[in-house]
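K.L.:
Build out the structure end to end from the sequences listed, making use of the hints.
In order, the protein sequence lines correspond to chains A and B.
By the count of my numbering, the first sequence reaches residue 437 at its end, each step adding exactly one.
By the count of my numbering, the second sequence reaches residue 178 at its end, each step adding exactly one.
Source of the hints: derived by calculation from the structure; they are not laboratory data.
Virtual Cβ for every residue (Gly too), placed ideally from N, Cα, C.
It is possible that part of the hints are untrue.
A partial selection of chain A residues facing chain B, derived with a Cβ cut-off under 7 Å [claimed, not checked]:
#1 E129
#2 M153
#3 V156
#4 E161
#5 W205
#6 D260
So the chains spell out like this:
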Amino acid sequence: MRPVYLVSGGVSKFAKARPDVTFQPMVKEAYDYALKDLGLEFRQAAELVDGTVASYFSDHFMRQLKAGSMVQDYLGLTPKPSKRIEAGGATGGVAFQSGWEAVASGRFDICVVYGWETMSRVNTWKGNEFIALASDVSFDYPVGGFYSGYYAMMVVRHMKEFGTSVEQMALVSVKNHNNAFHNPYAQKRMNIRIEDVRASEMVAWPLTMLDICVMSDGAAVTILASEEGLNKLEKATGRRPKPAKVTGVGGGIDAMRMADRPHGEVILLPHEKPEDYKGLKYPGVHSFRAGRMASKTAYQMAGITNPLEELDFIELHDAYTSSEIQTYEDMGLCRYGEGGKFVEAGKPFMPNLDYGYRFPEQGKIPVNPSGGLIACGHPVGATGLMQAVFALWQLQGSIGKHFGSNQLQVKNARRGAIHSHAGTGTYVVVSILEKGF
Amino acid sequence: MEEQEKKRVKLPETDEGTVLFNVPFPKDLKDLKGMAPIIIRQPYHIDYIHSYGQDSPFFAGLANGKLLGTRCGPCKHTYGTPRLHCMYCGNECDWIELPKEGAVHTFTICHFGSEEFLKETPFVLILVEWPGVDTLFLSRLVGVDSLQPSLDWVGMKVRAQFKRLSKFKPTDVYFVPA
Ligand SMILES: [Zn+2]
Numbered sequence: 001m002r003p004v005y006l007v008s009g010g011v012s013k014f015a016k017a018r019p020d021v022t023f024q025p026m027v028k029e030a031y032d033y034a035l036k037d038l039g040l041e042f043r044q045a046a047e048l049v050d051g052t053v054a055s056y057f058s059d060h061f062m063r064q065l066k067a068g069s070m071v072q073d074y075l076g077l078t079p080k081p082s083k084r085i086e087a088g089g090a091t092g093g094v095a096f097q098s099g100w101e102a103v104a105s106g107r108f109d110i111c112v113v114y115g116w117e118t119m120s121r122v123n124t125w126k127g128n129e130f131i132a133l134a135s136d137v138s139f140d141y142p143v144g145g146f147y148s149g150y151y152a153m154m155v156v157r158h159m160k161e162f163g164t165s166v167e168q169m170a171l172v173s174v175k176n177h178n179n180a181f182h183n184p185y186a187q188k189r190m191n192i193r194i195e196d197v198r199a200s201e202m203v204a205w206p207l208t209m210l211d212i213c214v215m216s217d218g219a220a221v222t223i224l225a226s227e228e229g230l231n232k233l234e235k236a237t238g239r240r241p242k243p244a245k246v247t248g249v250g251g252g253i254d255a256m257r258m259a260d261r262p263h264g265e266v267i268l269l270p271h272e273k274p275e276d277y278k279g280l281k282y283p284g285v286h287s288f289r290a291g292r293m294a295s296k297t298a299y300q301m302a303g304i305t306n307p308l309e310e311l312d313f314i315e316l317h318d319a320y321t322s323s324e325i326q327t328y329e330d331m332g333l334c335r336y337g338e339g340g341k342f343v344e345a346g347k348p349f350m351p352n353l354d355y356g357y358r359f360p361e362q363g364k365i366p367v368n369p370s371g372g373l374i375a376c377g378h379p380v381g382a383t384g385l386m387q388a389v390f391a392l393w394q395l396q397g398s399i400g401k402h403f404g405s406n407q408l409q410v411k412n413a414r415r416g417a418i419h420s421h422a423g424t425g426t427y428v429v430v431s432i433l434e435k436g437f
Numbered sequence: 001m002e003e004q005e006k007k008r009v010k011l012p013e014t015d016e017g018t019v020l021f022n023v024p025f026p027k028d029l030k031d032l033k034g035m036a037p038i039i040i041r042q043p044y045h046i047d048y049i050h051s052y053g054q055d056s057p058f059f060a061g062l063a064n065g066k067l068l069g070t071r072c073g074p075c076k077h078t079y080g081t082p083r084l085h086c087m088y089c090g091n092e093c094d095w096i097e098l099p100k101e102g103a104v105h106t107f108t109i110c111h112f113g114s115e116e117f118l119k120e121t122p123f124v125l126i127l128v129e130w131p132g133v134d135t136l137f138l139s140r141l142v143g144v145d146s147l148q149p150s151l152d153w154v155g156m157k158v159r160a161q162f163k164r165l166s167k168f169k170p171t172d173v174y175f176v177p178a
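P.N.:
Now the structure itself:
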């Protein structure tokens with residue numbers, strides 16, 4: 001394997017609906033941005049790019065099969081090789097790692113990973129139906145298939161097991177919405193409080209509208225390169241890219257049916273001991289074993305032994321406020337069961353922003369400085385790539401340039417993690433990015 | 001609160017759209033760049049010929065008032081939602097009848113849902129557990145007040161009831177407080 005760098009990226013502004021364009025120009029918006037930031041012309045890119053990965057989740061949402069090749073030709077990248085990745089909610093994260101594989105293996109020197117989702121072409125409840133088809137259609141879907149309901153059941157068990165409260169969950173929503181206030185790419189930019197979250201409409205008890213991410217139309221693009229790829233880009237543009245180095249990739253999978261998850265022993269991270277979890281049945285439905293597996297393998301590769309101390313920020317898959325709390329634990333930022341207290345202490349908030357609350361340990365490790373899925377939106381195939389782009393900008397120190405404000409720039413960010421998650425924890429991937437210049 | 005109530009008063013939105021035979025067209029083609037998108041309705045309907053395959057005995061069981069799971073002979077792993085092959089040793093499992101009475105492992109109340117189930121909201125989803133059974137079973141719970149949910153529902157004893165007119169769906173069984 002050889003080192004792989006994330007050299008540039010772009011994101012279309014996520015929106016509830018983009019009826020003004022079909023998906024191809026939406027991806028081109030993100031692609032053009034990534035090229036421009038690199039100083040590369042469209043024609044130069046068509047020459048230098050060795051191949052691509054297309055990241056999109058559902059064929060149902062657009063009723064268009066083989067959409068990947070339609071994007072490829074719109075970007076002028078035919079007849080270069082490409083493949084499509086689908087991994088539910090984690091599609092973007094898995095596609096990013098697939099691009100990494102293509103470069104690490106030596107197959108490609110420069111690989112474009114482009115992703116999008118167009119979710120507005122059906123109504124919200126039909127969209128929920130399509131998403132719920134990502135559960136067992138013999139045993140789960142017909143009972144009342146609804147992802148918010150599935151996650152609600154998972155967090156009810158978390159509440160029962162560990163005493164996690166709805167107010168702690170609401171704090172995640174407060175954090176992510178308030179962060180997004182400073183992110184022009186975000187779909188929902190609001191200053192809210194715990195009471196607003198609890199007063200918004202109940203969707204699946206105890207999750208309200210403001211505990212849940214929204215559906216979006218949007219696209220994101222990342223460009224990955226080897227050392228040789230960096231040299232080629234420098235030669236073509238006359239300037240050295242400021243990349244992030246991908247130092248760890250990890251993944252995990254769990255049983256599709258929540259009912260099938262085991263009740264066994266915790267998979268330990270290096271800084272944990274078996275005594276930490278006496279009597280805890282794991283993962284049950286309260287935790288994501290695939291998230292722990294993905295973290296463990298990514299940390300191992302990057303040489304991380306205590307993530308809370310060794311990471312500067314995390315962009316993680318907060319489709320639900322509850323799953324952000326559960327993910328703090330999977331990623332080892334705190335012990336299993338302590339996720340609620342972790343957010344209550346203020347640890348995942350930005351250190352510099354005023355959220356209208358006093359926290360004893362505000363800003364220990366900013367989680368979702370961008371506003372995450374809850375505020376930015378979740379156009380599935382684009383989401384994991386959006387995280388990679390925002391992480392690159394953090395590591396470049398270029399948030400101010402791209403967001404028009406430095407409020408969300410994590411100071412001296414040298415190492416960050418991105419985390420992408422699908423279907424009640426069925427697919428989870430974690431990638432570690434480090435400042436690479 | 002009053003303001004919120006006010007906001008909710010609105011005519012229902014539907015997706016039928018309308019029949020349109022033509023649109024205005026500019027004299028100068030340059031003006032086309034400013035044109036609003038044309039949005040049309042594309043209906044799509046499919047009837048799948050879905051086979052339950054190896055899981056079919058489970059649905060036959062429901063039609064006959066029996067809730068079936070499976071058990072692995074060699075490792076004794078017992079599945080509350082049937083799997084023909086054991087996840088741990090790969091052996092073919094045997095069918096077993098599960099107790100009618102179990103307990104709520106976790107639950108939620110869906111106030112919204114997928115389009116197919118929207119008309120049934122609010123409904124209660126539960127995962128059922130049984131002592132000695134290693135995995136759970138997803139079902140509906142009826143006979144509780146869906147407007148008064150409580151964490152105390154976790155652990156509640158529940159009993160399986162079966163639909164008389166079987167539809168050969170997992171909803172042929174549902175649970176009520178025991
Ligand atoms: Zn077995």
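K.L.:
Are the hints correct? Go through all of them and say.
P.N.:
Going down the list of hints, with the structure as the test:
| no. | hint | in the structure |
| --- | --- | --- |
| 1 | E129 | holds (4 Å) |
| 2 | M153 | holds (5 Å) |
| 3 | V156 | holds (5 Å) |
| 4 | E161 | violated (9 Å) |
| 5 | W205 | holds (4 Å) |
| 6 | D260 | holds (5 Å) |
In terms of the numbered hints stated before, the structure departs from hint 4 and from no other.
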